Amino acid sequence: MMRMGILVFLLLSQPFFTLPMEGQTTGNPEENRDDDQRRDILRYGIDSEVISLLKDLEDDEDIDDFTEEIMDLLVNSRNQELKAAAVRIFSSVEYRPALEQVEKILLDYPDKEELIIAGIEYFIELDHREGVEILKDFTSSQQTAVAMKAVEGIGRLGDPGDIQFLRDLYDDTSLGQNVRASALSALGMLKDSESIPFLEEIVTDASQERSYRWRACQALGEIGTPEVLPVLADLLNDDDTILRTYAVRALTTFESGEVLDYLMEALRDSFWRVRLAAVETLGERKEKDAIDILVYKATRDPEERIRIAAIQALGKIGGRSYRSLRDLAGNQRYSQASRIVALQELVKNDLGNSFGLIDTILEKEEKQPGSRIFIELVKAMSQEENPRLADYFERFLTHGDVSVVLMALKGIGENRFSGLRDKVQTLSESNTSSSIKKTAEEALEKL
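Residue numbers (the UniProt record's numbering): 1 to 447.
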C-alpha cells in the first residue's frame, strides 16, 4: 500500500504537458488544421483548386510551410498555368532554391508565354544577372509580350556590356515596333551616359515613329544627367502631346532649380495629360514652392482628375498644404469626390491635427442616410493607428450600417485596443450577421 501511494504521488507531481512526438504538430490547432488542408490541396487537389490556393498564398506571402509541395508542383506538374503560378509565388517571396528549376523551364518551354514571362519576372525579382544571356534568346520571340519582357529583363539585370546588344535590337527592322521601343527603355534602365547622343538623335527627330521618341525621352529621364535637361525642356513645347507628357515625367529625378519652373509652366498646358503629369511629379518631388498653384489646381482646374491629383500631391508635400486641405474638405462648395480625397490625405498624413474637422464632418454626415463621405471617412480612420481613435471605433460598433461596424472592428484589431475587448467579445457571440461575428473573432485574436 505504501508503494502504491508513492507511485500515485509521483504520477500526480509530473508537469501537465508532454513534448510533442516526432511528426506531431504544435501551436494553434485550428491553424494546424488549415495548414494540413492547404497541404492536402497542393498534393492531391485538382489543378484549378491548386492554382486558386497558390494565388491566395502569393497574396499572403505565406509559403514557408509549403515550399516542398510547391517545388514538387513546379517540377512535376504538366499544367503550364499551374507551373506559372508556382513560379510567381516563388518570385513574390524571392525563393532562391527554385532558381535552377526556373532556368530549366525557360529552356524547356520556350513557346509557353505565361510561363516564360513568369520565369523572366522571377529572374528580375531575384536580381539574377547571370540569366541575361538566357533572356537574349527570347528577344526574338514571335510572342511580343515575351520579347518585350525579355528586353526589360536585360535592362534591369544587364551591364554596360549589353548596351550594343540593345542598340542592335532597336536597329533591327525585322522586329516589331513594341520590341524596338522596349530596347530604348532598357537603355535608360542601364543609365549609360554614352547612350545620350544616340537617344537625343531619336527624340529630337520629328520624323521618327512617335513611340520611339516617347521611349527615348523616358530613357533620357532615367539616365538623369544634367546634360539632358535642355533637351527635355525643349520637348515640353513639342507638338506631340504625349511626348510632352513623357518629358514632364522625365523631369522627376532632376535636382536643378530650373525643373520647378518647367513643371509650373507645364501646369498651364491645354492637354490634360501634361497637366496631370506635372501635378503628380510636383507631388513626388514634394515641391513646397508649388503649394499655392497646386491649391489652385485642386479647386479650379476644369478636369476633376487633375483636381483629385492635385489634392493627393498636396498630401504628399505636407506642411502648410494640410491647412488648405482642411479648408477644402470642410467646404461643401467643392465636389464630394474632392472632399473625400482631401479627408483621406489628412487622415493618412496629418491625423493628429485633423480631429476637430473629423468631428464636425462626422456629426453632419452621420445623420445623412448612405452618406459616402461618412463611409469613406470611417474607412480611412480604420486603416490608421492612433490611440485617440478608440472612442470613435467604440461608437461605430453600435452603428446601424454593417459596413461601419466591420470597419470599426478592423480598426480595433489593428490598433490592439484591448480596452474594447469585452464589446468585441459580445459581438462575436451575439446573434448578428456572420460577417460581423467573423470580423469580431479576427479582432479578438489581435487583442
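Hints were generated in silico from the structure; no laboratory data involved. Keep in mind it's a predicted model, so treat the numbers as computed, not measured. Every residue, glycine too, gets a C-beta built ideally from N, C-alpha and C. Please note that a few of the clues may not be correct.
With a cut-off of at most 27 angstroms between alpha-carbon atoms, the simulated DSSO-like pairs for lysine-lysine come out as follows [claimed, not checked]:
| no. | residue 1 | residue 2 |
| --- | --- | --- |
| 1 | 316 | 288 |
| 2 | 136 | 112 |
| 3 | 367 | 410 |
| 4 | 55 | 104 |
| 5 | 288 | 348 |
| 6 | 316 | 55 |
| 7 | 446 | 410 |
| 8 | 379 | 410 |
| 9 | 191 | 136 |
| 10 | 286 | 367 |
| 11 | 316 | 367 |
| 12 | 423 | 438 |
| 13 | 364 | 438 |
| 14 | 423 | 437 |
| 15 | 379 | 446 |
Pairwise CB distance ranges, derived in the manner of DEER restraints [said to hold, decoys possible]:
| no. | residue 1 | residue 2 | range |
| --- | --- | --- | --- |
| 16 | 264 | 97 | 19 to 29 angstroms |
| 17 | 209 | 56 | 25 to 35 angstroms |
| 18 | 433 | 305 | 34 to 44 angstroms |
| 19 | 398 | 79 | 22 to 32 angstroms |
| 20 | 433 | 209 | 21 to 31 angstroms |
| 21 | 133 | 201 | 39 to 49 angstroms |
| 22 | 52 | 94 | 19 to 29 angstroms |
| 23 | 159 | 289 | 48 to 58 angstroms |
Status of the hints after comparison with the structure:
This hinted pair checks out: residue 316 and residue 288 have alpha carbons roughly 10 angstroms apart, not beyond 27 angstroms. Pair hint residue 136 plus residue 112 holds up; C-alpha atoms about 16 angstroms apart against a cutoff of 27 angstroms. A distance of roughly 23 angstroms separates the Cα atoms of residue 367 and residue 410; the hinted pair therefore holds under the 27 angstroms criterion. With a C-alpha separation of about 23 angstroms, the suggested pairing of residue 55 with residue 104 holds against the 27 angstroms cut-off.
The suggested pairing of residue 288 with residue 348 holds, with an alpha-carbon distance near 19 angstroms, which does not exceed 27 angstroms. Simply put, residue 316 and residue 55 have alpha-carbon atoms about 32 angstroms apart, too far for the 27 angstroms limit, and the pair is violated. A threshold of 27 angstroms between alpha carbons decides the hint, and for residue 446 with residue 410 the separation of about 10 angstroms falls inside it, so the pair holds. For the given pair, residue 379 sits about 10 angstroms from residue 410 by alpha-carbon distance, which is consistent with the 27 angstroms threshold.
Among the hinted pairs, residue 191 with residue 136 is consistent with the structure: their alpha-carbon atoms are about 19 angstroms apart, no more than 27 angstroms. The hinted pair formed by residue 286 and residue 367 fails the criterion: a straight-line CA distance of about 37 angstroms is larger than 27 angstroms. Taking the CA atoms of residue 316 and residue 367, the gap is about 31 angstroms. The hint is violated against a cut of 27 angstroms. With a C-alpha separation of about 14 angstroms, the suggested pair residue 423 and residue 438 falls inside the 27 angstroms cut-off, and the hint holds.
About 31 angstroms separates the Cα atoms of residue 364 and residue 438, which puts this hinted pair outside 27 angstroms; it is violated. At roughly 12 angstroms between alpha-carbon atoms, residue 423 and residue 437 fall within 27 angstroms of each other, so this suggested pair holds. For the hint pairing residue 379 with residue 446, the CA-to-CA distance comes to about 19 angstroms; that is within 27 angstroms, so the pair holds. At about 52 angstroms, the beta-carbon gap between residue 264 and residue 97 misses the expected band of 19 to 29 angstroms.
The hinted window of 25 to 35 angstroms between residue 209 and residue 56 is violated, with their beta carbons roughly 43 angstroms apart. Take residue 433 and residue 305: their Cβ atoms lie about 37 angstroms apart, and the range 34 to 44 angstroms holds. Range check, residue 398 to residue 79: about 50 angstroms between beta-carbon atoms, so the 22 to 32 angstroms window is missed. The hinted range of 21 to 31 angstroms is not satisfied by residue 433 and residue 209, whose Cβ atoms lie roughly 58 angstroms apart.
Between residue 133 and residue 201 the beta carbons are some 29 angstroms apart, a value that contradicts the proposed interval 39 to 49 angstroms. The hint said 19 to 29 angstroms for the Cβ distance between residue 52 and residue 94, and at roughly 23 angstroms that hint holds. Range check, residue 159 to residue 289: Cβ separation about 39 angstroms, and the 48 to 58 angstroms hint is violated.
Violated hints, listed in ascending order, are 6, 10, 11, 13, 16, 17, 19, 20, 21 and 23; each of the other numbered hints is respected by the structure.
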